[in-house]
Amino acid sequence: GAVVSQHPSWVICKSGTSVKIECRSLDFQATTMFWYRQFPKQSLMLMATSNEGSKATYEQGVEKDKFLINHASLTLSTLTVTSAHPEDSSFYICSASPVAGVVYEQYFGPGTRLTVT
Amino acid sequence: AQSVTQLGSHVSVSEGALVLLRCNYSSSVPPYLFWYVQYPNQGLQLLLKYTSAATLVKGINGFEAEFKKSETSFHLTKPSAHMSDAAEYFCAVKNSGGSNYKLTFGKGTLLTVNP
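As given, the protein sequences belong to chains A and B, one line each in that order.
Take the first sequence: its position 59, counting from 1, is numbered 59 in this note's numbering, and each next residue is one higher.
Take the second sequence: its position 20, counting from 1, is numbered 1020 in this note's numbering, and each next residue is one higher.
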């Protein structure tokens, strides 16, 4: 149980284009979903927290207009990287907290590797 | 504010040897503490968590960790390393109170297991 999927697992896009990453909780409903960014050989940095049906809360230094987050349902959140540039290349990981669980539980997706050329 | 310090970015052990990965935390309120493992190009898998119950926590794959409030530590141990344990390990902290449910991660420790 408590499986989180991400799609795509790997994407290459050209500079200036936008790319959307999906995060789905497959067997539970998620009140809250989190988006993280991880650079090579570094830790996870929280980008934003999203609650179903409301606007995402972004961490300091994260550009809201560049990283668009939509949490349209209790099982789906999307991260859109707009006008991507090579410096946006990274490993993006989402996690989800169950509605029915305790607030500290987070289940992580397998990650999406974005390469911007 | 909460923070996590993992001592040693890289730990190398021989197969069958004791694994000890160190984690110290800082938190203004009683914390919840976690250890996660990450294999290359994968997401994070929860190894174990401390949520104010027993101070010695047992997790998956033979790992365990002990919460020591006086030392503000939550070190991860395994008596005998396996080759399959080679991975990146992250310690994380979350405040137990209020609505702040964000996890703060340490920088990670890469565990190498030598045959």
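Please keep in mind that the hints were generated in silico from the structure rather than gathered at the bench.
Source: prediction; values computed, not measured.
The beta-carbon is built from N, C-alpha and C at its ideal position, and this holds for glycine as well.
The reader is advised that the hints may include incorrect statements.
[Unchecked claim] Okay, derived cross-link-like pairs now, DSS-like style, lysine-lysine, Cα gap no bigger than 25 Å in a straight line:
| id | chain 1 | residue 1 | chain 2 | residue 2 |
| --- | --- | --- | --- | --- |
| 1 | A | Lys41 | B | Lys1107 |
| 2 | A | Lys41 | B | Lys1094 |
| 3 | B | Lys1107 | A | Lys55 |
| 4 | B | Lys1049 | B | Lys1102 |
| 5 | A | Lys66 | A | Lys20 |
| 6 | A | Lys20 | B | Lys1102 |
| 7 | A | Lys55 | B | Lys1049 |
[Claimed, not checked] Far from chain B, some chain A residues (derived; all Cβ distances over 12 Å):
| id | residue |
| --- | --- |
| 8 | Ala2 |
| 9 | Val4 |
| 10 | Gly61 |
| 11 | Thr112 |
[Stated by the list, open to error] With the C-beta cut set under 10 Å, the calculated list includes, among others, these residues of chain B facing chain A:
| id | residue |
| --- | --- |
| 12 | Ser1009 |
| 13 | Val1011 |
| 14 | Gln1038 |
| 15 | Gly1043 |
| 16 | Ser1084 |
| 17 | Ala1086 |
| 18 | Phe1090 |
| 19 | Lys1094 |
| 20 | Lys1102 |
| 21 | Leu1103 |
| 22 | Thr1112 |
So, going through the hints one by one against the coordinates:
1. A threshold of 25 Å between alpha carbons decides the hint, and for A/Lys41 with B/Lys1107 the separation of about 9 Å falls inside it, so the pair holds.
2. For the hint pairing A/Lys41 with B/Lys1094, the CA-to-CA distance comes to about 22 Å; that is within 25 Å, so the pair holds.
3. For the proposed pair B/Lys1107 and A/Lys55, the alpha carbon gap of about 29 Å is over 25 Å, so the pair is violated.
4. Only pairs whose Cα atoms come within 25 Å are accepted, and B/Lys1049 paired with B/Lys1102 is accepted, the gap being roughly 15 Å.
5. For the proposed pair A/Lys66 and A/Lys20, the alpha carbon gap of about 12 Å is at most 25 Å, so the pair holds.
6. This hinted pair checks out: A/Lys20 and B/Lys1102 have alpha carbons roughly 24 Å apart, not beyond 25 Å.
7. Pair hint A/Lys55 plus B/Lys1049 does not hold up; C-alpha atoms about 30 Å apart against a cutoff of 25 Å.
8. Residue placement check: A/Ala2 does not keep its beta carbon more than 12 Å from all beta carbons of chain B (closest about 9 Å).
9. Its closest Cβ contact with chain B, about 8 Å, brings A/Val4 to no more than 12 Å, contrary to its assignment away from the interface.
10. Non-interface status of A/Gly61 relative to chain B is upheld: no Cβ of that chain comes within 12 Å, the nearest being about 15 Å off.
11. For A/Thr112, the shortest C-beta to C-beta distance to chain B comes to about 10 Å, within the 12 Å cut-off, and the non-interface label is violated.
12. Annotation: B/Ser1009 was flagged as interfacial toward chain A, and the flag holds, the nearest CB pair being 8 Å apart, inside 10 Å.
13. A distance limit of 10 Å between C-beta atoms decides the matter here; for B/Val1011 the minimum to chain A is near 15 Å, and the interface restraint is violated.
14. About 9 Å separates the beta-carbon of B/Gln1038 from the nearest beta-carbon of chain A, less than 10 Å, and the hint is met.
15. Because the beta carbon of B/Gly1043 sits about 4 Å from the nearest beta carbon in chain A, less than 10 Å, this interface hint is met.
16. Of the supplied interface hints, the one on B/Ser1084 is violated, with its beta-carbon coming no nearer than about 18 Å to a beta-carbon of chain A, more than 10 Å.
17. Taking 10 Å as the C-beta contact cut-off toward chain A, the hint placing B/Ala1086 at the interface is violated, the least distance being around 15 Å.
18. Taking 10 Å as the C-beta contact cut-off toward chain A, the hint placing B/Phe1090 at the interface holds, the least distance being around 6 Å.
19. Annotation: interface hint on B/Lys1094 holds; nearest CB of chain A at approximately 5 Å, less than 10 Å.
20. Interface restraint check: B/Lys1102 against chain A, minimum CB-CB distance 6 Å, threshold 10 Å, status holds.
21. Annotation: B/Leu1103 was flagged as interfacial toward chain A, and the flag holds, the nearest CB pair being 6 Å apart, inside 10 Å.
22. Because the closest C-beta pair between B/Thr1112 and chain A is about 13 Å apart, greater than 10 Å, the hint is violated.
Checked against the numbered hints given earlier, the structure breaks hints 3, 7, 8, 9, 11, 13, 16, 17 and 22 and satisfies all the rest.
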